[in-house]
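Undergrad: Throw the hints in and build the complete structure from the sequences for me.
Spelled out from the first residue to the last, the chains are:
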Amino acid sequence: MSLTTGAPMVETELRAASVPAAQAKPAASPIRKVGVIGAGVMGAGIAAQVANAGVPVVLLDIVPGGAAKATERMLKTDPAPFMQKAAARLVTPGDIEGGLPLLADCDWIVEAIVERPDAKRDLYAKLEAVRKPGSVVSSNTSTIPLSALTQGLGEVFAADFLITHFFNPPRYMRLLEVVQGPATRAEALAAITDFGDRVLGKTVIPCKDRPGFIANRIGGMWMQSAINRAFDLGLTVEEADAVMGRPMGVPKTGVFGLLDLVGIDLMPHVAASMKATLPETDAYVLGLRDNALITRMIAEGRTGRKGKGGFYTREKGAGGESLKRALDLTTGDYRASDKPQLESLALRDLRALAEHPDRGGRYARAVLLDTLAYAAALVPEIADSVADVDAAMRLGYNWKYGPFELIDRVGAAWLARALAEDGRPVPPLLAQVAEGSFYRVQDGALEYFGTDGGYHAVPRPAGVLLLADIKRRAKPLARNGSASLWDLGDGVACLEFHSKMNALDPGTVEMIGKAIAMGRKGGFKALVIHNEGEQFSVGANIGLALFAANIAAWGEIEGLIEQGQKAMRSLRDAPFPVVGAPSGMALGGGCEILLHCDAVQAHAESYIGLVEVGVGLIPGWGGCTTMLRRWAENPRAPKGPMPPVAKAFEMISTAQVAKSAFEAKEMLLLRPTDGITFNRDRLLADAKARALSLVEGYAPPEVKPLRLPGASGRAALAMAVQQQAALGRATPHDVVVCDHLAETLTGGRKDHTEETTEAELHALERRSFMALLKTPATLARVEHMLETGRPLRN
Amino acid sequence: MTDVVIAAYRRSPFHLAHKGALTRLRPDEMTAQVVRALVAEAGIDPATVEDLVLGCAFPEGEQGLNAAKLIAFIAGLPESVAGATVNRFCGSSMQAVHQAAGAIKMGAGDAFLCAGVESMTRVPMMGFNPMPHPGLAKDFPQAYVSMGETAENVARRHQLTRAEQEAFAVRSQQKAAAAQREGRLEAEIVPVEAAGKRVAEDGCIRAETTAETLAGLKPAFRQDGTVTAGTSSPLTDGAVALLVCSADYAKAHGLTPLAKLRSVAVDGCAPEVMGMGPVGASRKALARAGIAARDLDVVELNEAFASQALACMRELGIDETRMNLDGGAIALGHPLGATGARITGKAAQLLQRQGGRYALATQCIGGGQGIATVLEAV
Chain U
1 MSLTTGAPMV
11 ETELRAASVP
21 AAQAKPAASP
31 IRKVGVIGAG
41 VMGAGIAAQV
51 ANAGVPVVLL
61 DIVPGGAAKA
71 TERMLKTDPA
81 PFMQKAAARL
91 VTPGDIEGGL
101 PLLADCDWIV
111 EAIVERPDAK
121 RDLYAKLEAV
131 RKPGSVVSSN
141 TSTIPLSALT
151 QGLGEVFAAD
161 FLITHFFNPP
171 RYMRLLEVVQ
181 GPATRAEALA
191 AITDFGDRVL
201 GKTVIPCKDR
211 PGFIANRIGG
221 MWMQSAINRA
231 FDLGLTVEEA
241 DAVMGRPMGV
251 PKTGVFGLLD
261 LVGIDLMPHV
271 AASMKATLPE
281 TDAYVLGLRD
291 NALITRMIAE
301 GRTGRKGKGG
311 FYTREKGAGG
321 ESLKRALDLT
331 TGDYRASDKP
341 QLESLALRDL
351 RALAEHPDRG
361 GRYARAVLLD
371 TLAYAAALVP
381 EIADSVADVD
391 AAMRLGYNWK
401 YGPFELIDRV
411 GAAWLARALA
421 EDGRPVPPLL
431 AQVAEGSFYR
441 VQDGALEYFG
451 TDGGYHAVPR
461 PAGVLLLADI
471 KRRAKPLARN
481 GSASLWDLGD
491 GVACLEFHSK
501 MNALDPGTVE
511 MIGKAIAMGR
521 KGGFKALVIH
531 NEGEQFSVGA
541 NIGLALFAAN
551 IAAWGEIEGL
561 IEQGQKAMRS
571 LRDAPFPVVG
581 APSGMALGGG
591 CEILLHCDAV
601 QAHAESYIGL
611 VEVGVGLIPG
621 WGGCTTMLRR
631 WAENPRAPKG
641 PMPPVAKAFE
651 MISTAQVAKS
661 AFEAKEMLLL
671 RPTDGITFNR
681 DRLLADAKAR
691 ALSLVEGYAP
701 PEVKPLRLPG
711 ASGRAALAMA
721 VQQQAALGRA
731 TPHDVVVCDH
741 LAETLTGGRK
751 DHTEETTEAE
761 LHALERRSFM
771 ALLKTPATLA
781 RVEHMLETGR
791 PLRN
Chain C
1001 MTDVVIAAYR
1011 RSPFHLAHKG
1021 ALTRLRPDEM
1031 TAQVVRALVA
1041 EAGIDPATVE
1051 DLVLGCAFPE
1061 GEQGLNAAKL
1071 IAFIAGLPES
1081 VAGATVNRFC
1091 GSSMQAVHQA
1101 AGAIKMGAGD
1111 AFLCAGVESM
1121 TRVPMMGFNP
1131 MPHPGLAKDF
1141 PQAYVSMGET
1151 AENVARRHQL
1161 TRAEQEAFAV
1171 RSQQKAAAAQ
1181 REGRLEAEIV
1191 PVEAAGKRVA
1201 EDGCIRAETT
1211 AETLAGLKPA
1221 FRQDGTVTAG
1231 TSSPLTDGAV
1241 ALLVCSADYA
1251 KAHGLTPLAK
1261 LRSVAVDGCA
1271 PEVMGMGPVG
1281 ASRKALARAG
1291 IAARDLDVVE
1301 LNEAFASQAL
1311 ACMRELGIDE
1321 TRMNLDGGAI
1331 ALGHPLGATG
1341 ARITGKAAQL
1351 LQRQGGRYAL
1361 ATQCIGGGQG
1371 IATVLEAV
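Going down the list, the sequences are from chains U and C.
Sequential numbering of the first sequence, starting at 1, is according to this note's numbering.
Sequential numbering of the second sequence, starting at 1001, is according to this note's numbering.
By construction, these hints were calculated from the structure, which means they are not laboratory data.
Please read these numbers as outputs of a predicted model, since none were measured by experiment.
For each residue, glycine too, the CB sits at the ideal point set by N, CA and C.
Hints are not guaranteed to be accurate.
Simulated restraints, written as ranges between beta carbons of each label pair [unchecked claim]:
(1) U:Pro635 <-> C:Leu1065: 19 to 29 angstroms
(2) C:Leu1065 <-> U:Pro700: 36 to 46 angstroms
(3) U:Gly728 <-> C:Ala1270: 22 to 32 angstroms
(4) U:Asp573 <-> C:Lys1019: 43 to 53 angstroms
(5) U:Asn794 <-> C:Gly1135: 29 to 39 angstroms
(6) U:Gly728 <-> C:Lys1019: 17 to 27 angstroms
(7) C:Gly1135 <-> U:Asp78: 39 to 49 angstroms
(8) U:Thr330 <-> C:Lys1019: 53 to 63 angstroms
(9) U:Arg73 <-> C:Gly1135: 47 to 57 angstroms
(10) C:Ala1270 <-> U:Asn794: 32 to 42 angstroms
(11) U:Arg335 <-> C:Lys1218: 33 to 43 angstroms
(12) C:Thr1213 <-> U:Lys275: 51 to 61 angstroms
(13) C:His1018 <-> U:Gly728: 16 to 26 angstroms
Okay, derived cross-link-like pairs now, EDC-like style, lysine to aspartate or glutamate, Cα gap no bigger than 20 angstroms in a straight line [claimed, not checked]:
(14) U:Lys639 <-> C:Glu1062
(15) U:Lys275 <-> U:Asp265
(16) C:Lys1251 <-> C:Glu1041
(17) U:Lys339 <-> U:Asp358
(18) C:Lys1218 <-> C:Glu1208
(19) U:Lys639 <-> C:Glu1060
(20) U:Lys525 <-> U:Glu696
(21) U:Lys132 <-> U:Asp107
(22) C:Lys1197 <-> C:Glu1186
(23) U:Lys126 <-> U:Asp95
(24) C:Lys1019 <-> U:Glu72
(25) C:Lys1138 <-> U:Asp751
(26) C:Lys1138 <-> U:Asp739
(27) C:Lys1019 <-> C:Glu1201
(28) U:Lys774 <-> U:Glu556
TA: So this is what it looks like as structure tokens:
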């Protein structure tokens, strides 16, 4: 039996979906159609992101049919380049041969073809014959100087041309490096900067026309140093990656893991292009060396994850299990991977690590000196401000700290002394900052050290509002260990979570209560729920639940569920508007908070879902109730008591998570009227504007009772679950969890001739939640999740 | 007393639900297009038609509100034509034929349009609001057993291997593909207009099916099972219409009947092996016709699943050389309410084409029953 109702899923109208976000925008972008030439990973990915933003895009490739194939392939790629499948419809594929006229009405044409200046110039010459006056042309080159690209193409082209350098994958990497030439029109630069920022959601960093721009120049140096020093100092790949990882704030792949990820064969290409364009005296060029082991690995096809293994590989063990193996850098053979055991790795302080005498400490010191001195010597050559350099490294390489923030962490003076000790030159900017730091907070504002020797406020583009900036200049209206309440100005407050992974606990619930009480007293006229953590919230703190269950504190647990439900209702029923503004994961309880907001302004990269069944529970804070209501009120759902139940059951029982805000709309986790913001830095401002727009004439929503099918519906759901069990897709405990979920969603003993109220449904949610928490299989799931981070399939 | 004859048989192309060419076509509209073509081709005055009897397994949504009478309106039939929608799940439109035959025999009309339809895209199997009786579901769960589960039960009880089922499915696909290639399906198909496009050919048939491709599929219903999507009939959209009338009416209107009805039967069985329903029903019908299985020249035995088709063949003593000559539901598709009329019309058409004397059309029905019709050449 299929419970799919057969009704078409709510198709999100791409254009309509972007309207609420557009309301918060000062003006529409003059760029209404985009062309991308070159359907390789970068070109296709850029086209997908343009389509994600609801802008039609022409994608052309040199290979006949290549663009269509690339679009098709992207629909199957994970992580997905498209935010929803429907976005692919906005991509018009074509061939370069014969397809250039398709670009005639494009306002921006991005070139992402092979990195050969002559090939690019040939293409540009052809573009001049088709593109419309005033359109902008940009190259996604990462290696070719702008001056070489505009050569011989005339003044008009030079005025309309710039470099726009995206990072891979374009949907997920937030950095967009932009390089203008001496002839580039100011309006062309402004239009692309604005489109990149507001529409595509990128942080646009202006760069000088220097090889590798900012991120790859410094990133390349860091990689070179991290590899060479590891060989020189005799570190294992695990040790090197562990030192690079958490202590330096580099993603946990470290350097060798990163090489495996991007492809080890990329290295010689990067080296060759940097060598060809940088002066011989450049520290990067001076540090280039032939590495016999890496040369051999590339020759043998051991190029990383895409090839036959890399610095790490996986092998099948005797029992068929997958074993992680690591390359021995001295012998070139694989061995079992070890957890590194270095005393220095226990140190939290970066300077202490760099001063530690073991090889981990010496390695950290060497790589820090190489990388940070190089970065310090490159301002103003590659960028005008250290803040831009730091932003580029954070967003382009996912470093937690940019190089100048790292310098502040070890101390500028310490770094200068260490360089001097080693007999190395101290870059002028580092000497200039002397005993000071590259950043300071003055009168609540973040300032950076400029090349003029003075401090300047870190600029924020108009329409960017960061909670971090507010926190620097103000004290919270209220605070506890889990959450705080801040004043955003204009009568809007912000409820911020700040527990680990923003897991929800009694402190969070208490702060919700405090916020509502404060608002009721007239303390503010609208509330935004937002934080700048990686994840909006991963859900309720199940560690606390497990602890309470282990001491059989059932009453306390049920009390907490009840208080949570009350808090959710109070968000919705408050006499002022509440707007949720998530970015990253909003799971379980985090999702339920959003479900009770009057409106949501979501970052496009929001991953929302009710995932409780993964730990053997069901949503207990009104998630079941609200999803039922969402589907019952959906005009496109079939009539009758079962469709809302079947839809909610299908989603919750499979712990489905929306992989973007657009998917969340398809799943009704967001409403059609909820807004989507592409640029994370603009999310809070958009949410605040949304909240203020709801203030006038605000009345809390009316909550209507539902008509639910009762036992008949529960029997239908049980049949569907039995079929899944027969196929081995539902485990024995899944069947138990699903039955409790079914009982709740169908209204328990209710019949469809009578109304089921929210209070009755909340009571059912609590009862099912408590019943499941008392089963050993659910407790085993909770424990397993806490230990491994993965669901137990028992 | 006058004989009952099948005077005409037409159907829409059959297409996969959710992905085929008919997903945007309403089932009532689809049926009306087929009925209109059938009436026009027969050249009869529609005012002489007593009733439009429509078989449909899930008569709700666009198939609801007594779709039979609505289809009569859409097809432009005169107001005097009545309409009844009948439901015997997969046997619905064969039931429509039986009802018409009974009425003709008792003098309650001379000509009937017997149609069948199912848009499994637009009205889901189980309906929009599946609400089983909780007590029955608990005490006698097989009343609601899934069709796939019954196919597995039959395969186990009759020790049918996966390879045997797959070989059968491949043959069904090959027969259907050959029939399509050689234009043998054209006589029965009415091109329909779906979302502005003309659809003239069947869409379910997979000519490229081989035993190797089927062997690669995962079990569809039980983790350790032998039944796959390749050995099951697919979810299908389609509509069928027959003109069922008295021999006298046919003669008076210059019609050349395809075959006459000799006997009919229904028979209940255990729901968990509903696929065996054709055995009891066919035995009854054959006995009522006074013939044996060996006397049959043509057999249309609906292929809900390869396992039940094979098991029924064995039990009834029917060999494949005279069965489902142009392919069966595994290849052609199985729009639940439309299938009974299709296999009845097809058996009549084949009887004429093959020049045989007796034909049997029979099928299994979810919930535990079978239905059968014995035809005789005219």
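Undergrad: Determine for every hint whether it applies to the structure shown.
TA: Hints, verified against the model:
1. U:Pro635 <-> C:Leu1065: 19 to 29 angstroms: 20 angstroms, holds
2. C:Leu1065 <-> U:Pro700: 36 to 46 angstroms: The hint (36 to 46 angstroms, Cβ to Cβ) holds, given that C:Leu1065 and U:Pro700 are roughly 40 angstroms apart.
3. U:Gly728 <-> C:Ala1270: 22 to 32 angstroms: Between U:Gly728 and C:Ala1270, where Cβ atoms are some 26 angstroms apart, the hint holds.
4. U:Asp573 <-> C:Lys1019: 43 to 53 angstroms: 45 angstroms, holds
5. U:Asn794 <-> C:Gly1135: 29 to 39 angstroms: 31 angstroms, holds
6. U:Gly728 <-> C:Lys1019: 17 to 27 angstroms: 26 angstroms, holds
7. C:Gly1135 <-> U:Asp78: 39 to 49 angstroms: 45 angstroms, holds
8. U:Thr330 <-> C:Lys1019: 53 to 63 angstroms: 57 angstroms, holds
9. U:Arg73 <-> C:Gly1135: 47 to 57 angstroms: 52 angstroms, holds
10. C:Ala1270 <-> U:Asn794: 32 to 42 angstroms: 34 angstroms, holds
11. U:Arg335 <-> C:Lys1218: 33 to 43 angstroms: 38 angstroms, holds
12. C:Thr1213 <-> U:Lys275: 51 to 61 angstroms: At roughly 53 angstroms between Cβ atoms, U:Lys275 and C:Thr1213 fall inside 51 to 61 angstroms, so the hint holds.
13. C:His1018 <-> U:Gly728: 16 to 26 angstroms: 24 angstroms, holds
14. U:Lys639 <-> C:Glu1062: Holds, because 13 angstroms separates the two Cα atoms, which is no more than 20 angstroms.
15. U:Lys275 <-> U:Asp265: OK: U:Lys275 and U:Asp265 at ~16 angstroms, within 20 angstroms.
16. C:Lys1251 <-> C:Glu1041: It holds: about 16 angstroms lies between the C-alpha atoms, which stays within 20 angstroms.
17. U:Lys339 <-> U:Asp358: 16 angstroms, holds
18. C:Lys1218 <-> C:Glu1208: It holds: about 18 angstroms lies between the C-alpha atoms, which stays within 20 angstroms.
19. U:Lys639 <-> C:Glu1060: 11 angstroms, holds
20. U:Lys525 <-> U:Glu696: With Cα atoms ~10 angstroms apart, U:Lys525 and U:Glu696 stay inside 20 angstroms; holds.
21. U:Lys132 <-> U:Asp107: It holds: about 8 angstroms lies between the C-alpha atoms, which stays within 20 angstroms.
22. C:Lys1197 <-> C:Glu1186: 18 angstroms, holds
23. U:Lys126 <-> U:Asp95: 14 angstroms, holds
24. C:Lys1019 <-> U:Glu72: 17 angstroms, holds
25. C:Lys1138 <-> U:Asp751: Within the cut-off at roughly 18 angstroms; holds.
26. C:Lys1138 <-> U:Asp739: 14 angstroms, holds
27. C:Lys1019 <-> C:Glu1201: Given that 20 angstroms is the threshold and the Cα spacing comes to 15 angstroms, the pair holds.
28. U:Lys774 <-> U:Glu556: 13 angstroms, holds
Comparing the model with each earlier hint shows no violations; every hint is respected.
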